[in-house]
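Given chain A, put chain B in place with the hints provided.
Chains as they are written, first to last, in UniProt numbering: chain A, 1 to 268; chain B, 1 to 268.
Source of the hints: derived by calculation from the structure; they are not laboratory data.
Virtual Cβ for every residue (Gly too), placed ideally from N, Cα, C.
Be careful, since some hints might not be right.
One side of the interface only, derived from the structure: several residues of chain A facing chain B at Cβ under 8 angstroms [as the list claims (entries may be wrong)]:
id, residue
1, Gly45
2, Gly87
3, Leu88
4, Arg96
5, Asp220
6, Arg222
There are 2 protein chains.
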Amino acid sequence: MCQLLGMNCNVPTDICFSFTGFTARGGLTDIHQDGWGIAFFEGKGVRLFLDPEPSAASPVAALVKQYPIRSRNVIAHIRKATQGPVGLENTHPFRRELWGRYWIFAHNGNLLNFSPVFTGPYRPVGETDSEKAFCYLLEHLRLRHGDTPPDQAALFATIAEVARELGSQGEFNFLLSDGQALYAHCSTRLTHIIRRAPFAKAHLTDQDVTVDFSEVTTPDDRVAVIATTPLTDDEVWSSLPPGSLWLFADGEVVRQAATVAAPPKKTA
Amino acid sequence: MCQLLGMNCNVPTDICFSFTGFTARGGLTDIHQDGWGIAFFEGKGVRLFLDPEPSAASPVAALVKQYPIRSRNVIAHIRKATQGPVGLENTHPFRRELWGRYWIFAHNGNLLNFSPVFTGPYRPVGETDSEKAFCYLLEHLRLRHGDTPPDQAALFATIAEVARELGSQGEFNFLLSDGQALYAHCSTRLTHIIRRAPFAKAHLTDQDVTVDFSEVTTPDDRVAVIATTPLTDDEVWSSLPPGSLWLFADGEVVRQAATVAAPPKKTA
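This is chain A alone, in the form it adopts within the complex (with noise of 0.2 angstroms):
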């Protein structure tokens, strides 16, 4: 399995600390050697690093951890190898381009009979059932809605529809972005926090690194970051049900629906 590492602000927001604990697992105190990968969105373009190699001792990792790439949607990824071997067509995020914007996608879970076939234009690159994913959940909405974008709401609906469908054949946490909200889709582990005025210190779980985000924010800053498991061992992290799709703008929850079908109510 994977990690997932995603950040959703209203003002663009450096994701250095976050990312310092989270690279700390790809090769350090865990497992997931089999590359990495993070997305910034800069407006409608993408800056997107992806390594085979492990993230804990990856040059291009070290870069991005001391550059403070400045972005209001960010996505990351840790790769421990399922489906697909280890090779940059196999590492996540995946970019493709929908609409005129560009959608970035990013998977932890194993879809393990997901064979569809692809007659439209998105056809996967590399072996992953993850990109597979994304391919057909972009062919999906491009089918649903045609040329132009719909609402938001509608377009959160499509969404969640395919997230349903998805994942019913296996584990199927993802974040999703297009540059403007982040979409987060928990299957069976997905955490989140959301950080506003009072500010405070934090340290990270994974590795010996304190920040005092009262000294880097202003009192209007929203962000939130999204994570396999949490990433501080001193704030309070709420976990997202299984079954459930969020929408995150502007550093806050804008939308939520059930993935999954309630269990039946017990009556005695």
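Then chain B, alone, in the frame of chain A:
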């Protein structure tokens, strides 16, 4: 205008030497200060580094210069903005997927009256004529050849056809690769060199740096380097004729075609 750099080899080769001279043109020895980018194929995967900052001062460019990423197909670009403001979404090279392969494109020139209407799946994200030309080219390839990539001869012929059409609308020097081969179109200005055994020393034009290729190669290595202007001052570079498309594979020229009508023969 911008500057292009491409490399196509028969074995994975690092581009550190050429890139060192090339990036000096982004604000140090020349005026191309409006961003830069470089794409490295590794198998079917691509590493794409983009930065809207001048390359001469970019920490990401410093990393690329020092970190020997080995690749058989590389495309780099430094920008002097003509159409589209400075920004990440307008920074070359551009990347899209077609037929389950990533395609990389960078352009030097200016297509002044090029305003295509896009109705297919490839839509520009930024505002450059270059990204529009790339989307137009991919759309054309997909419409002409359908869901399956054609053989090399047919693919080359279609790309030449688009180069001819768009080349008639303005300056259209470009580099294009799907990771298997590299296409170079000279509209006004593009030069190249093929390095093979016996290898010798070479000295950069833009920096006082010399490399002895005989120390870093094997006798079977073959490396084609294509650039807007020669990168070294002690080797023989050959200009590509204006109005010609070239295909490089395994470090040598495998196809070429004229993309302008031959001038009428003078009779007396």
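Index of numbered hints that the structure contradicts, given in increasing order
Violated hints (numbers, rising): 5 and 6; every other hint is consistent with the structure.
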